[in-house]
Structures are given as structure tokens and as C-alpha cells.
Amino acid sequence: MALDAGADAPSKEVMDQEYPSTLESVDAAEGEILKAAGHAGFGEDDLHQIGMAVRECMVNAVVHGNRYNRNKRVRVKVLSGPQELTVSITDQGEGFELHEVPDPLHDNNLLRHSGRGLFLMSAFMDKVDVRKAKPQGTEVVLVKKIAPRE
Amino acid sequence: MSVKLNTRQVGDVTVVDVSGRITLGEGSSALRDLLRELIGKGQKKILLNLGEVTYIDSSGIGELVSGFTTVSNNGGTLKLLGLTKRVQDLLQITKLYTVFDIHEEEAHAIRSFA
Numbered sequence: 020m021a022l023d024a025g026a027d028a029p030s031k032e033v034m035d036q037e038y039p040s041t042l043e044s045v046d047a048a049e050g051e052i053l054k055a056a057g058h059a060g061f062g063e064d065d066l067h068q069i070g071m072a073v074r075e076c077m078v079n080a081v082v083h084g085n086r087y088n089r090n091k092r093v094r095v096k097v098l099s100g101p102q103e104l105t106v107s108i109t110d111q112g113e114g115f116e117l118h119e120v121p122d123p124l125h126d127n128n129l130l131r132h133s134g135r136g137l138f139l140m141s142a143f144m145d146k147v148d149v150r151k152a153k154p155q156g157t158e159v160v161l162v163k164k165i166a167p168r169e
Numbered sequence: 003m004s005v006k007l008n009t010r011q012v013g014d015v016t017v018v019d020v021s022g023r024i025t026l027g028e029g030s031s032a033l034r035d036l037l038r039e040l041i042g043k044g045q046k047k048i049l050l051n052l053g054e055v056t057y058i059d060s061s062g063i064g065e066l067v068s069g070f071t072t073v074s075n076n077g078g079t080l081k082l083l084g085l086t087k088r089v090q091d092l093l094q095i096t097k098l099y100t101v102f103d104i105h106e107e108e109a110h111a112i113r114s115f116a
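These protein sequence lines are chains V and R, in that order. Here our numbering is used: position 45 in the first sequence is 64, and no number is missing along the way. Here our numbering is used: position 30 in the second sequence is 32, and no number is missing along the way.
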């Protein structure tokens, strides 16, 4: 059996960028992350899903985390490995408790105007991890696995 | 380009042809403002033609939901037409596919308001 040396290759940091807390940053970050994802070998459908997830995450960071505060930044890091892409998006906001986020699929919440961002990230990525950042803020880590070639 | 909105009347149904991206910011605001304007004018039958919508995020979905609720609260009906597969998938995973009355064909959608 031939060994696939690539599968054991370490992940490489391909992006580490800070953005101001603006909606323009959402577009900019999405574009850069999708470039990295494209280089990693994701197909069209996966790229669309990654784009949606990172967009929702950036919006949360800018709007809910940093509240458009020009003194606060959003940090985006991307690690690209042979088996998965890892995106980390960190804001400098007050933080939040995951268990306090209403379930958008609950009957009482279906017609709410907002509150679907975290759910969509989970729907489109293979793993979503929300952590408190130090000294303050929230880091969201999104992971998408690269489908093995047939 | 964000979103383009074109309004036309088919009988007593207002059809809004939406194209482009309905995302947080310009896109979702434009849709919200137009729906408010139509409601303010007393339009009770509104059909959103989403056939040319290339992208919608959760903010855009929020505006569809808010529009639906506001039109309903004002005694009217808002329906959707021509969803692309991606928008359809999005409404399905958010359990909104069964909330909206969704049509594939305009003539059929118009008749359904009767």
C-alpha cells in the first residue's frame, strides 16, 4: 500500500489578518478566505458553504462582537492542511454565552428577524467551536474537511 | 452590485423582481425599504420573484421573514417565486420552507392569491 505522505503533512498558516469593524471587512475577509479555500482544493459547493459560514461569522464579529467600534478589530487566521481548512475569527467584544443564544429552529423563534448566524455556520461547516478570547472577546473556529479524492 | 429591485403590477398582485445579493447592508436594507413602501401604499398581495437572487445571507432571510410577518399583520399576503436551489436549501434547513407559500411558476403564483 503506497503511503500518502501528504495526509500527514502539518497544517500551514496561510492567512493572519486584522480587519476594522466594518461591513466592508466582511466582504474582504470572505474573499481572502475563499482564495485560501480554493487553493486548498475545495469544490464549488464547498466553497459556497465556506463562504456563507465565514460571512456569518464575520458579521457576528463586526456587528454583535465589536458593534462597529472603530477601535476594535477582527482577527482572521486560516490554517490549511491536507485534510481540512481551519478558520479562526476573533473579535474584541464583550463575549456571549452560547447557551443563551435562542434556537432559531424552535417554533417560537422561526419568525424572528435575526439569530440564524451560528446555526448556519454549524450547518455549513464540519465543526464550529466558540471560545472566550483573551483578554476579551470571542474566537470562533470553523473547520471544513476536504473530501478525499476518489 | 448588491441587489436590484424592480416592481411591476399583474392585476392586483405586486411582483417584485429581485436580482443580485440580499446581504447585510445595502441589499437587505433596500428590500426592507421597498416592502415597507409597498405596505405603506396599501399593497396586500406581494410576490417576491427571487429567481435572479445569487446569494442570500441570514440578514436577507431575516428581511424575507420580517416582510412576511409585516405584510400578514397588515392583512396581506407575501409569497415567493422562483427559488434557486441554494436559496431553497437555505429555507429548508432554517425550517422556513413550509412557512412561506413558494411557487415555481409565475402565473400559478398569481392565481394563488385569488
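Incorrect hints may appear among the rest.
[Said to hold, decoys possible] Cβ-to-Cβ under 7 Å is the rule here; a few derived chain V residues that face chain R:
(1) Glu75
(2) Arg92
(3) Arg94
(4) Leu129
(5) Leu130
(6) Ser133
(7) Gly136
(8) Leu139
I should point out that these hints are in silico values taken from the structure, not numbers from a laboratory. Glycine included, each C-beta is placed from N, C-alpha and C at the ideal position.
Hint check results:
1. Glu75: Holds. Min distance 6 Å.
2. Arg92: violated (19 Å)
3. Arg94: violated (20 Å)
4. Leu129: Nearest chain R Cβ about 6 Å off; hint holds.
5. Leu130: holds (6 Å)
6. Ser133: holds (5 Å)
7. Gly136: Holds: closest Cβ of chain R sits about 5 Å from V/Gly136, inside 7 Å.
8. Leu139: Hint holds; V/Leu139 Cβ to chain R Cβ min 6 Å, cut 7 Å.
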